[in-house]
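Student: So you can see what is in the structure, the chains are spelled out below.
Protein chains: 2
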Amino acid sequence: MPRFQADEIRALEVSILRHLGASQEHAELVVDMLIEASLVGHDSHGVHYITRYADRIKRGIIDKKAIPEITKETVGTAIVDGHWGFGQVTAKRAMEVAIEKAGRVGVGAVGCIHCNHIGRLGAYTSMAAEKGMVGLMVVNVVHPTVQPFGGASRVLGSNPISVAAPAGNSNPFLLDFATSAVAEGKIGWAAMKGEKIPMGWIVDHEGHDTNDPLDFSLPNGSVDESEGSGRMLSFGGRDSHKAYALSLLMEVLAGILPGAGSTADKDHHLYENGVLAIVLNIQILTGLGEFAQRMDSLIQRVHKEPVRAAFQYHHIQVPGEFETANHEKRLKEGIDIPETPWKQILQLAEELGIDHDFGPLRS
Amino acid sequence: MPRFQADEIRALEVSILRHLGASQEHAELVVDMLIEASLVGHDSHGVHYITRYADRIKRGIIDKKAIPEITKETVGTAIVDGHWGFGQVTAKRAMEVAIEKAGRVGVGAVGCIHCNHIGRLGAYTSMAAEKGMVGLMVVNVVHPTVQPFGGASRVLGSNPISVAAPAGNSNPFLLDFATSAVAEGKIGWAAMKGEKIPMGWIVDHEGHDTNDPLDFSLPNGSVDESEGSGRMLSFGGRDSHKAYALSLLMEVLAGILPGAGSTADKDHHLYENGVLAIVLNIQILTGLGEFAQRMDSLIQRVHKEPVRAAFQYHHIQVPGEFETANHEKRLKEGIDIPETPWKQILQLAEELGIDHDFGPLRS
Numbered sequence: 277m278p279r280f281q282a283d284e285i286r287a288l289e290v291s292i293l294r295h296l297g298a299s300q301e302h303a304e305l306v307v308d309m310l311i312e313a314s315l316v317g318h319d320s321h322g323v324h325y326i327t328r329y330a331d332r333i334k335r336g337i338i339d340k341k342a343i344p345e346i347t348k349e350t351v352g353t354a355i356v357d358g359h360w361g362f363g364q365v366t367a368k369r370a371m372e373v374a375i376e377k378a379g380r381v382g383v384g385a386v387g388c389i390h391c392n393h394i395g396r397l398g399a400y401t402s403m404a405a406e407k408g409m410v411g412l413m414v415v416n417v418v419h420p421t422v423q424p425f426g427g428a429s430r431v432l433g434s435n436p437i438s439v440a441a442p443a444g445n446s447n448p449f450l451l452d453f454a455t456s457a458v459a460e461g462k463i464g465w466a467a468m469k470g471e472k473i474p475m476g477w478i479v480d481h482e483g484h485d486t487n488d489p490l491d492f493s494l495p496n497g498s499v500d501e502s503e504g505s506g507r508m509l510s511f512g513g514r515d516s517h518k519a520y521a522l523s524l525l526m527e528v529l530a531g532i533l534p535g536a537g538s539t540a541d542k543d544h545h546l547y548e549n550g551v552l553a554i555v556l557n558i559q560i561l562t563g564l565g566e567f568a569q570r571m572d573s574l575i576q577r578v579h580k581e582p583v584r585a586a587f588q589y590h591h592i593q594v595p596g597e598f599e600t601a602n603h604e605k606r607l608k609e610g611i612d613i614p615e616t617p618w619k620q621i622l623q624l625a626e627e628l629g630i631d632h633d634f635g636p637l638r639s
Numbered sequence: 277m278p279r280f281q282a283d284e285i286r287a288l289e290v291s292i293l294r295h296l297g298a299s300q301e302h303a304e305l306v307v308d309m310l311i312e313a314s315l316v317g318h319d320s321h322g323v324h325y326i327t328r329y330a331d332r333i334k335r336g337i338i339d340k341k342a343i344p345e346i347t348k349e350t351v352g353t354a355i356v357d358g359h360w361g362f363g364q365v366t367a368k369r370a371m372e373v374a375i376e377k378a379g380r381v382g383v384g385a386v387g388c389i390h391c392n393h394i395g396r397l398g399a400y401t402s403m404a405a406e407k408g409m410v411g412l413m414v415v416n417v418v419h420p421t422v423q424p425f426g427g428a429s430r431v432l433g434s435n436p437i438s439v440a441a442p443a444g445n446s447n448p449f450l451l452d453f454a455t456s457a458v459a460e461g462k463i464g465w466a467a468m469k470g471e472k473i474p475m476g477w478i479v480d481h482e483g484h485d486t487n488d489p490l491d492f493s494l495p496n497g498s499v500d501e502s503e504g505s506g507r508m509l510s511f512g513g514r515d516s517h518k519a520y521a522l523s524l525l526m527e528v529l530a531g532i533l534p535g536a537g538s539t540a541d542k543d544h545h546l547y548e549n550g551v552l553a554i555v556l557n558i559q560i561l562t563g564l565g566e567f568a569q570r571m572d573s574l575i576q577r578v579h580k581e582p583v584r585a586a587f588q589y590h591h592i593q594v595p596g597e598f599e600t601a602n603h604e605k606r607l608k609e610g611i612d613i614p615e616t617p618w619k620q621i622l623q624l625a626e627e628l629g630i631d632h633d634f635g636p637l638r639s
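Chain order of the listed sequences is A and B. Position one of the first sequence corresponds to residue 277 (this note's numbering), numbered consecutively onward. Position one of the second sequence corresponds to residue 277 (this note's numbering), numbered consecutively onward.
Chain A extracted, bound-state conformation (with noise of 0.2 Å):
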């Protein structure tokens, strides 16, 4: 499989983006969160993603020129409208927003509105914890996938939560992930891979356990919108209400409370994610010191109760280790690539004519 460094991808990927006419900014911000996701190991997130948002630009689905805006507001609240520019720029200025009122009254909440696709969570949650506070996203996923508890059809999107959350000296907490079994981007990325995925991600269109992602995904890694494909399941499986309950819940968050809508209006858009961030300001609130003092006694302790015989890890883990350990090994070893979507890639950069030094050796 292809393997490169962030670094030779991110001029690639920049020039891409400038290219189809996007500004230096947006671009940098846009390419800097897809390999950020594929550094933390959300591969399904990361740097392949840029030929969809090539393909939304051509579509006139994401408006490459525009600057999300502030349409309602007060010291605690605020709506951002993105005005379909790139969901990263929105969600970003969405959670400095939060951030910003966090600070000064110990709570921010701030929803998007006309946003497209804003990747992962965590990088926006994580800009919270950065500031020494406490960050929270959730987002609605318009585009239906997920089977409802007691269900037998695509109703929910892959819905996901994160929320971030600083330590004193452990890893920060970072809680990031779809309330669907996974997120959808992985059942693609294992079909692109030609491989088989768990079971109890998905059912076929029968409602039948399967390995095979080809019942949910088209082999170039989309979703299979096709009539005999199948569905996600929630995590926790089928008979998971729970987790069902909290898909349903993001819908009423991040899709209905902002105003973008849930996956039952017809206004809200195929591609649009809602979202809702909330940032709680923790000196306000019980003060750094103590707060970091006792996530790190949290996590200690995690650290030392016993694991199960066969346990994969050493010990008991605690959410963004995962993300942890992946950034430090892949910004040296490199990021895998599958040959199909670096082929798309590829064939991008030279549809755009792009110079580049991947030769076919490299590819």
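Note that these hints are calculated values from the structure, not bench results. Treat the hints with caution; some may be incorrect.
Chain copies aren't distinguished; within one or between two, either way the pair holds.
[To be verified] Pairs of lysine to any residue, SDA-like flavour, derived with a Cα cap of 25 Å: (1) 348 x 335; (2) 580 x 514; (3) 605 x 590; (4) 580 x 480; (5) 348 x 379; (6) 542 x 565; (7) 341 x 300; (8) 348 x 616; (9) 542 x 332; (10) 580 x 541; (11) 619 x 490; (12) 619 x 495; (13) 542 x 347.
Chain A is already provided as a structure; the job is to place chain B on it using the hints.
Tutor: Using the frame of chain A, we list chain B on its own:
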């Protein structure tokens, strides 16, 4: 099994708390919350809890006279010190303050310290929904009963979450559940009734699946603290790293952020509930009319989707329907209380010298 109308239990239980020294206002509040929990079908948090509270009052864990106090405050946030009074009194005050703040600045975030067991979270979040707001509450339960993902020991509490939101013509949305497979009390409830529990709720002390509640609870419904007792699983089962992450999140949000502390902190009292309430003002964020209409659309869509052949309901459920259906039924038909807790309640009443109409025929 003994069955009673809500009103007759209310009078008896209010009298019990009055005899134990609680004010009329606090006694009514606590008992109303317990009765409401029984009515909506969450017996685990229902009327039998009165005997536990009586025990905690006698042992000085609950200060029956304490009045909660705001110790820190901004326009958007507050910390409510419960001074170890009734948890219900503290949590209700916290939610009232959060609603008031959200009314003014769009969002309110209020944490509790020195707070006893607050009971069913949905009672508080529904207060916000009734005011046309979205109410969220999370709790960290110090008492460790749940094994972490990959673990083999009791580390985390049942750490529940609730979110309530109003709808238009539909039943209000009410998500209210433990991040453990079930609320601890549901296992105790089965133990008291002498019934088996579904597989997947607990494992025995060696980590094997079991459907015997006595592997976790004592016959009187309380948690078995002895060496050879089992552990609860997170919802979604032993491989559900996402539910485990949510459980740990409640330690951060509800325990550490308000200053109550986590399961790892020695100053965090065994019966303490760390609490965080967040209220979001719908009218300020998007507009109540639009919100209600979109909620109805979402709920109607979910109700129209096909159900699996073996599904126990005629339509896919929206969180809150379970509670509403039970409430209607039990308000008419009465509340069932198993022999064991009912005898405990009558014994308590007799100890306190309370006259009651419940003759031997009724018990």
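Student: Each hint needs a verdict: does it hold in this structure or not?
Tutor: Going down the list of hints, with the structure as the test:
no. : hint      : result
1   : 348 x 335 : neither (29 Å within a copy, 52 Å between copies)
2   : 580 x 514 : between (33 Å within a copy, 19 Å between copies)
3   : 605 x 590 : within (18 Å within a copy, 51 Å between copies)
4   : 580 x 480 : between (41 Å within a copy, 21 Å between copies)
5   : 348 x 379 : both (19 Å within a copy, 16 Å between copies)
6   : 542 x 565 : between (48 Å within a copy, 17 Å between copies)
7   : 341 x 300 : within (11 Å within a copy, 64 Å between copies)
8   : 348 x 616 : neither (43 Å within a copy, 56 Å between copies)
9   : 542 x 332 : within (20 Å within a copy, 54 Å between copies)
10  : 580 x 541 : between (48 Å within a copy, 14 Å between copies)
11  : 619 x 490 : within (20 Å within a copy, 59 Å between copies)
12  : 619 x 495 : within (14 Å within a copy, 64 Å between copies)
13  : 542 x 347 : within (22 Å within a copy, 47 Å between copies)
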